[in-house]
Structures are given as C-alpha cells and as structure tokens.
Amino acid sequence: MSPENNQGSSEDDKVTRMIVLGPKAQLSQSELVSKLHMLELPLTIKATCYGALIYGKEEVVMDAIGQIRDLDPSNIFTKDRGFPPGDPRRCRAKRGAARDGFHQLEKEYELLEYVCDALENPKRVSLKKPEKISPEDFKKIVQECEE
Amino acid sequence: MKIAVFPPNSLILADMVERRGHEPLVIQKEMRKKVTDPEIDSPPFNITEEEPIKGLKYAAIEVPSGVRGRMAIFGPIIDEAEAAIIMEDAPYGFGCIGCARTNELSMYYLRKRGIPVLEIHYPETREETMEVVNKINTFLDELEKPEETEGSERTGETGKTEVSKLGNEKTKEQGED
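Sequences listed follow chains A and B, in order.
Per the working numbering: the first sequence = residues 1 to 147.
Per the working numbering: the second sequence = residues 1 to 177.
Keep in mind the hints are simulated off the structure, nothing from the lab.
Computed from a predicted structure; not experimentally measured.
Just so you know, even glycine gets a beta-carbon here, dropped at the ideal spot from N, CA and C.
Mixed in with the good hints, there may be bad ones.
Capping the alpha-carbon separation at 25 Å, the derived lysine to any residue pairs in SDA-like fashion look like this [what the hints assert, rightly or not]:
hint: 1; chain 1: B; residue 1: K34; chain 2: A; residue 2: K123
hint: 2; chain 1: B; residue 1: K112; chain 2: B; residue 2: P38
hint: 3; chain 1: A; residue 1: K14; chain 2: B; residue 2: E80
hint: 4; chain 1: A; residue 1: K129; chain 2: B; residue 2: G114
hint: 5; chain 1: A; residue 1: K14; chain 2: B; residue 2: R32
hint: 6; chain 1: A; residue 1: K128; chain 2: B; residue 2: H22
hint: 7; chain 1: A; residue 1: K46; chain 2: B; residue 2: N137
hint: 8; chain 1: A; residue 1: K128; chain 2: B; residue 2: M107
hint: 9; chain 1: A; residue 1: K128; chain 2: B; residue 2: Y122
hint: 10; chain 1: B; residue 1: K34; chain 2: A; residue 2: V142
hint: 11; chain 1: B; residue 1: K29; chain 2: A; residue 2: K129
hint: 12; chain 1: A; residue 1: K132; chain 2: B; residue 2: T138
hint: 13; chain 1: B; residue 1: K29; chain 2: B; residue 2: R126
hint: 14; chain 1: A; residue 1: K128; chain 2: B; residue 2: A90
hint: 15; chain 1: A; residue 1: K123; chain 2: B; residue 2: K33
hint: 16; chain 1: B; residue 1: K135; chain 2: A; residue 2: V142
hint: 17; chain 1: A; residue 1: K123; chain 2: B; residue 2: K112
hint: 18; chain 1: A; residue 1: K129; chain 2: A; residue 2: E146
hint: 19; chain 1: A; residue 1: K14; chain 2: A; residue 2: K129
hint: 20; chain 1: A; residue 1: K46; chain 2: B; residue 2: G66
hint: 21; chain 1: B; residue 1: K33; chain 2: A; residue 2: R99
hint: 22; chain 1: B; residue 1: K29; chain 2: A; residue 2: T44
hint: 23; chain 1: A; residue 1: K46; chain 2: B; residue 2: T138
Across the chosen pairs, the derived CB separations fall in these ranges [what the hints assert, rightly or not]:
hint: 24; chain 1: B; residue 1: P64; chain 2: A; residue 2: V142; range: 42 to 50 Å
hint: 25; chain 1: B; residue 1: E124; chain 2: A; residue 2: Q29; range: 36 to 44 Å
hint: 26; chain 1: B; residue 1: P38; chain 2: A; residue 2: C49; range: 43 to 51 Å
hint: 27; chain 1: B; residue 1: K33; chain 2: A; residue 2: Q29; range: 39 to 47 Å
hint: 28; chain 1: B; residue 1: D141; chain 2: A; residue 2: M38; range: 18 to 26 Å
hint: 29; chain 1: B; residue 1: D37; chain 2: A; residue 2: C49; range: 24 to 32 Å
hint: 30; chain 1: B; residue 1: E23; chain 2: A; residue 2: L39; range: 21 to 29 Å
hint: 31; chain 1: A; residue 1: E40; chain 2: B; residue 2: I53; range: 21 to 29 Å
hint: 32; chain 1: A; residue 1: G86; chain 2: B; residue 2: E62; range: 37 to 45 Å
hint: 33; chain 1: A; residue 1: C91; chain 2: B; residue 2: P38; range: 44 to 52 Å
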C-alpha cells in the first residue's frame with residue numbers, strides 16, 4: 001500500500017464532534033477546552049461560542065466525550081459533524097456568513113434548558129395515543145352537557 | 001440498536017439516543033463520507049451525477065433531481081434503521097434538510113419500513129419539551145425489550161409487506177425504463 005493510501009485510511013477513521021454546553025452548564029467554554037486539553041488525548045480541539053469541537057480517531061473522540069460528559073451529564077450535549085474543524089468549505093471566517101447548521105443549533109439551543117430539566121427529573125410516560133370514543137358515548141356526553 | 005432520527009441532523013434527538021446506549025443514524029456521518037474522501041470528483045463536495053441515479057431507488061424518475069440527490073444520502077440511513085424517531089414541524093429548514101418534499105418522502109419510507117417508530121411534534125414550551133424527552137427515553141428503553149414493543153404509537157404492523165410490494169413495483173418500473 002502506498003504512503004498516500006495509508007494516510008487516506010488514517011484520515012478516514014477520524015471523526016469530528018461538537019460539544020454543546022447547555023445554558024445551565026456548571027462550566028464555561030474555556031474551562032471545557034482546558035479540561036479537554038488536560039485529558040492529554042491525541043485530539044484537535046477548537047473552542048467555539050457554544051462549547052468546543054474535537055477531531056481525532058473515533059475511539060479517542062468517544063473516550064473524550066465520555067469523560068467530558070461526566071463533568072456535567074445533563075448539561076453537556078454532543079453531536080456529530082461531517083466537516084473537520086476549520087474546513088474552508090464550512091468555516092465562517094472564509095465564507096463570511098453564519099455556518100450552515102448554525103441556525104438549527106441556535107434554535108435547538110433554546111430548548112436545551114428544558115431538556116436538562118427533563119433529564120434531571122425523568123418520568124416514565126405512556127406512549128399510547130388516547131383512544132377514540134364511540135358515537136354513542138359522544139352522544140351521551142353531549143346530552144349530559146345540554147342538560 | 002441503530003436508530004434513525006428525523007430531522008437527521010438534530011442535536012437533541014441524536015444526543016438522547018446516544019445517552020440511552022443506542023447508535024443514532026445521522027446525516028453528518030453520511031456527509032463525512034462525501035467531504036473527507038481523498039479523491040473528490042466534484043469539489044467542494046463529492047456530490048456527483050451518480051447521486052440522483054442512486055436516488056432512483058427511492059424516488060421515481062419524474063421527481064426533481066434535488067430530491068433524488070438528497071435521497072441518495074438519506075436512503076442508506078433509512079435502509080439501515082432498526083427503529084426511528086420522527087420529530088415533525090421542526091422549525092429549521094436550512095442546508096441539507098431544507099427540502100420539504102425530501103423530508104416527506106424520508107418520513108414516508110421510515111413509516112413504511114415496519115420498524116418501531118416514535119412520532120412526536122417539535123416542542124415549544126417547557127412542559128412540551130419535558131414530555132417529548134420523557135417519551136423519547138421511554139421509547140428507547142422499551143426497544144431493548146422486544147416483547148413489549150407493541151405500543152399503539154408505533155406504526156408498521158403491515159409495513160414489511162407494503163415495503164416488499166413497493167420494492168416489486170419499483171423494480172418493474174425501473175425495468176421498463
């Protein structure tokens with residue numbers, strides 16, 4: 001196998017992950033980045049306004065995600081990203097406008113506070129849809145209301 | 001289990017799925033294959049004329065090439081899914097998710113797959129969000145117990161036969177083409 005191919009295959013198994021801090025997070029973006037650096041894992045780390053981007057081999061990235069999540073489990077959210085950090089095809093600095101996907105992240109960020117509340121107070125709910133009532137029952141209800 | 005989420009780039013849905021120990025099937029993984037390939041035939045992304053052809057598996061030839069091209073990327077997610085969470089009325093419609101007809105077609109295929117599907121609406125308030133998160137967690141927990149997966153909100157008891165019928169029709173159509 002040629003060196004180019006070797007390099008290609010090593011790049012193939014690298015993944016990018018976005019780490020998003022919820023509004024109630026107990027740590028700031030800069031703290032998050034320093035914690036990531038302190039893990040001493042072979043990762044590319046980029047600080048962002050919502051948290052951080054990490055790039056590296058999949059198992060290393062997942063290891064880092066697991067350790068970082070433990071810091072504040074209900075307030076740290078993660079998401080896959082297709083492009084590597086700073087990719088000129090996506091980077092805001094080169095394109096001069098909001099990054100694709102930013103608007104969605106912005107919209108979902110509004111709900112993260114409530115998601116955190118739900119994660120901290122889990123409840124078991126029924127997935128059954130309310131059943132339809134028969135016309136006879138409906139007629140009875142109408143009659144009762146009219147009386 | 002491999003869980004397809006819709007919208008396929010949703011942070012909340014993908015994160016919920018991962019927290020419960022399942023694998024979310026997200027669009028970013030498919031996009032990564034298109035943008036990190038060392039040989040990019042059609043810069044800046046590797047979306048070539050092959051994509052609309054691959055999309056023919058999911059949409060007829062009369063369907064716009066944009067829909068077929070998108071289906072070539074969404075399709076593998078739909079095929080791979082063992083369960084699905086569909087969040088309807090999501091307010092964002094940007095980037096790769098910005099085609100309403102593709103979204104409809106993808107949701108249709110997910111429903112017709114005959115896999116357990118949880119359908120929810122995009123929450124707006126605190127109460128709605130908490131209910132949605134609890135529903136997702138309950139759904140994901142129940143997936144691990146196959147004997148209890150007959151919730152009324154799941155679809156697709158007849159899905160498998162319909163899919164096979166669809167498949168036959170499509171093969172015939174393509175054969176004629």
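**Prompt:** Are there hints from earlier that the structure breaks, and if so, what are their numbers?
**Reply:** 1, 2, 7, 10, 11, 13, 15, 16, 17, 18, 19, 20, 23, 25, 26, 27, 28, 31, 33
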